[in-house]
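Enquirer: Sequence:
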Amino acid sequence: KKGNVIVDRVQCGGLIVRGKLKGEVISRGPVLVGPEAEIKGDVSAPTLAVGAGAILAGRYEIGSRKKSAT
52 KKGNVIVDRV QCGGLIVRGK LKGEVISRGP VLVGPEAEIK GDVSAPTLAV GAGAILAGRY
112 EIGSRKKSAT
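For the sequence shown, the working numbering gives the first residue as 52, with consecutive numbering after it.
Hint data in this document are derived by calculation from the structure and do not stem from the laboratory.
Glycine included, C-beta positions come from ideal geometry on N, C-alpha and C.
Fair warning: there could be bad hints in the mix.
Stated by the list, open to error - Pairwise CB distance ranges (calculated):
1) 55 <-> 115: 29 to 39 Å
2) 60 <-> 113: 26 to 36 Å
3) 55 <-> 75: 10 to 20 Å
4) 104 <-> 73: 24 to 34 Å
5) 79 <-> 57: 25 to 35 Å
6) 59 <-> 111: 14 to 24 Å
7) 85 <-> 59: 28 to 38 Å
8) 111 <-> 69: 25 to 35 Å
9) 102 <-> 56: 25 to 35 Å
10) 109 <-> 80: 10 to 20 Å
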């Protein structure tokens, strides 16, 4: 619904944001942020695509983590 804000920690396989989200996002797949979307929180994902006009506030870790051999 228009005007709602999601406030939570999100763990997912992929995410499309078209509204407002406040909280941490941990995604195993791509995160797509629409042009009218707003994310306030840290995002960790293998890929991030952001539409022109989107608002992002937080830290972003994009790309896969490779474990080093010990």
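Enquirer: So, against the hints stated earlier in the document, which numbers end up violated here?
Expert: 2, 4, 5, 7, 8 and 9
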